[in-house]
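Asker: Just so you know, the protein sequences line up as chains A and B, in that order. According to my numbering, the first sequence is numbered sequentially starting from 3. According to my numbering, the second sequence is numbered sequentially starting from 689.
Don't read these hints as lab results, they were simulated from the structure. Treat the hints loosely; a few may be bogus.
Claimed, not checked - Far from chain B, by Cβ distances over 12 Å, these chain A residues were calculated:
| id | residue |
| --- | --- |
| 1 | Arg9 |
| 2 | Ile10 |
| 3 | Thr16 |
| 4 | Asp24 |
| 5 | Arg35 |
| 6 | Pro50 |
| 7 | Gln59 |
| 8 | Glu60 |
| 9 | Gly73 |
| 10 | Arg88 |
| 11 | Gly89 |
| 12 | Glu91 |
| 13 | Leu109 |
| 14 | Gly112 |
| 15 | Glu124 |
Stated by the list, open to error - Between beta-carbon pairs, the in silico distance windows are:
| id | chain 1 | residue 1 | chain 2 | residue 2 | range |
| --- | --- | --- | --- | --- | --- |
| 16 | B | Leu747 | A | Arg88 | 46 to 56 Å |
| 17 | A | Thr52 | B | Gly796 | 50 to 60 Å |
| 18 | B | Ala1121 | A | Leu107 | 35 to 45 Å |
| 19 | B | Glu1134 | A | Glu110 | 47 to 57 Å |
| 20 | B | Pro1169 | A | Gln59 | 34 to 44 Å |
| 21 | B | Gln1119 | A | Arg105 | 11 to 21 Å |
| 22 | A | Arg105 | B | Thr1036 | 47 to 57 Å |
| 23 | B | Asp1151 | A | Arg132 | 36 to 46 Å |
| 24 | A | Arg132 | B | Gln912 | 35 to 45 Å |
| 25 | B | Gly796 | A | Arg132 | 47 to 57 Å |
| 26 | B | Glu1107 | A | Arg132 | 46 to 56 Å |
| 27 | A | Arg88 | B | His829 | 53 to 63 Å |
| 28 | A | Gln59 | B | Arg1168 | 36 to 46 Å |
Note that CB positions come from ideal geometry on N, CA and C, so glycine has one too.
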Amino acid sequence: MGTDHSRIVRVLVTKVGLDGHDRGVKVVARILRDAGFEVIYGGLRQTPQTIAETTLQEDVDVVGLSMHSGGHLTLAPAVIGALRSRGLEVPVVVGGIVPERDRALLLEAGVAEVLTPGASGEAVVAAVARAAALGAGAEGASSGS
Amino acid sequence: MSGLEVDPVYGPDDGEFPGQWPYTRGPYASMYRGRLWTMRMFAGFGTAADTNGRFKELLRSGGTGLSVAFDLPTLMGTDSDDPLALGEVGKAGVAVDTLADMEDLFSGIDLAGVSTSMTINSPAPIVMAMYVAVGEEHGAHRRELAGTLQNDILKEYQAQKEFIFPPRPSVRLANDVLRFCTAEMPLWHPISISGYHIREAGSTAAQELAFTLANGFAYVEAAQASGLPVDAFGKRLSFFFNAHIDFFEEIAKYRAARRIWARWMRDRYGATDERAMQLRFHTQTAGVSLTAQQPELNVARVAIEALAGVLGGTQSLHTDSFDEALALPTEKAARIALRTQQVIAHETGVAAVADPLGGSYFVEDLTDRLEAEAEAVFAHLDALGGGSILEGVYRAIEDGWFQGEIAQASADFERKVNEGRRVVVGVNRYQEADEPEADILYIGPEAEAEQRRRLAEVKAGRDEGAVARALARVHQDAARPEVNVMPSLLDAVRAYATIGEVIGTLGQVFGTWTERAVV
């Protein structure tokens, strides 16, 4: 499988866990769509397994998780685990109410980018673009193309 | 300061006054001279024992009412030992699985002497039953219990999204609580019709006003359809609005809400008791207006928003803590927020005169315009429902109309902030390069482990046969729409059935709801 760098980046934006606060995730979906990404809105109350399944089915390049419940240190690694267990090296971007001290822990756990409250539209687009480039690199390396 | 005497209210002799139809200027003639608003601070985190400590501290600091924040698993009717609750137990509120947790939560607090607000919706009837059971264990009869249950399920489909069952059986459950309280709990407010979450989801002030009141009309129609006379329950309905940063528009919103409610309750629903026409409301400052950047500035935002709530005539008020864009508040931040209300109440003099902005050309014009915008929404919903607001609201939820309107307003606002057309100090103007890391409340994984241990202990000590029999009765009563589920829920919680078990039983009858995603 080769990597087609010219194709439009496909981003899954979704909520994981029980939290239903969806103002942020919807705003981010629109920002990314306006910036030219292909956005798949995964909706509410997804589990790590349903997110991995959607990522596989929809051929997603970047997974964006919106979290406001305080459960990010448990749930983000669980999503990464579910993706990796299916052989998906797709980068994960976390956005939401993440205390500064948790940022390093999320990055250590394999999260590609962390966006916190007040992040500008430009910052959101830049973070997803960096994550997509990272993913494309990883895919290129692993597929040996 | 100069000692000039002021009158309790101002206006022309032939004008409208507070306490008079249509109550634009306030539900009571004397307003805060008669009684200050209730300073009710929303709190909850970790285990019930953790939150019990915060409640006692708030009461010691001069708070005059309790307000419970439940964690997400509790709000979603999911037990702490359910895999879906992983990582979220005790994080954004207090974890409650069984009556044992409610006993811990209110341990050492006189429930006949305090008023309690409980912010919960899908599992609201179960939590109401638990509160009644704890009160009775303390020796407080249910007729002595004062407080508010949010129990506003309609706005969950529109905004906050903490729904479990489909809209129709959910409204039946909300109405069962209303019927129970109307008959047995004269000091309780069984539904708090909430615009707060609609606004936090990104709506405009006009949408918050219109959608909230439409939901109010829907509950009135549901109650009347179940045979309750409007004068019997109308006075027990209360409202909950946001106080956002656009100062005068917020004040006008509260004034318009009172006028609309009075007109609709009298003219459309036939209320004759004036208390059923007087809109009373709780206010919370806008969490969404707080910034993670330079968080100390939030103290100023909260003070201005709280002042709007007071000038708009609120009956109770929660002030957000300055650190809430970062995490749940620390004790110190929560105390500053409460003290902000005390400064407004006791230093500024604003409590001396009712509706001090009544008669302002600007505020009166804003009030009229918000009312007209809301009336246009009611007309749309009424047409959609074929002459029923309740049916119109169901239909608009199913079609994703509310959700789409809110998402559009939210996107418009964010675009303005992004383009710098709307200034947010510290975010898109006057930024600081290096911000020190804030001192925040950190809830570790211990609370989750402790809560699981606690739940296992309760399950090990209960009579499983009694639990099974109680749940069977819940199932039976839920399947008969004319039966009120509250008595069977009381039996189930007293047998220490978990919230998850009761929700699961109700779900067998009602099914579950998945929203049509609207971006």
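Asker: Could you work out which earlier hints the structure fails to respect and list their numbers in ascending sequence?
Answerer: 3, 4, 5, 6, 9, 15, 17, 18, 19, 22, 23, 24, 26
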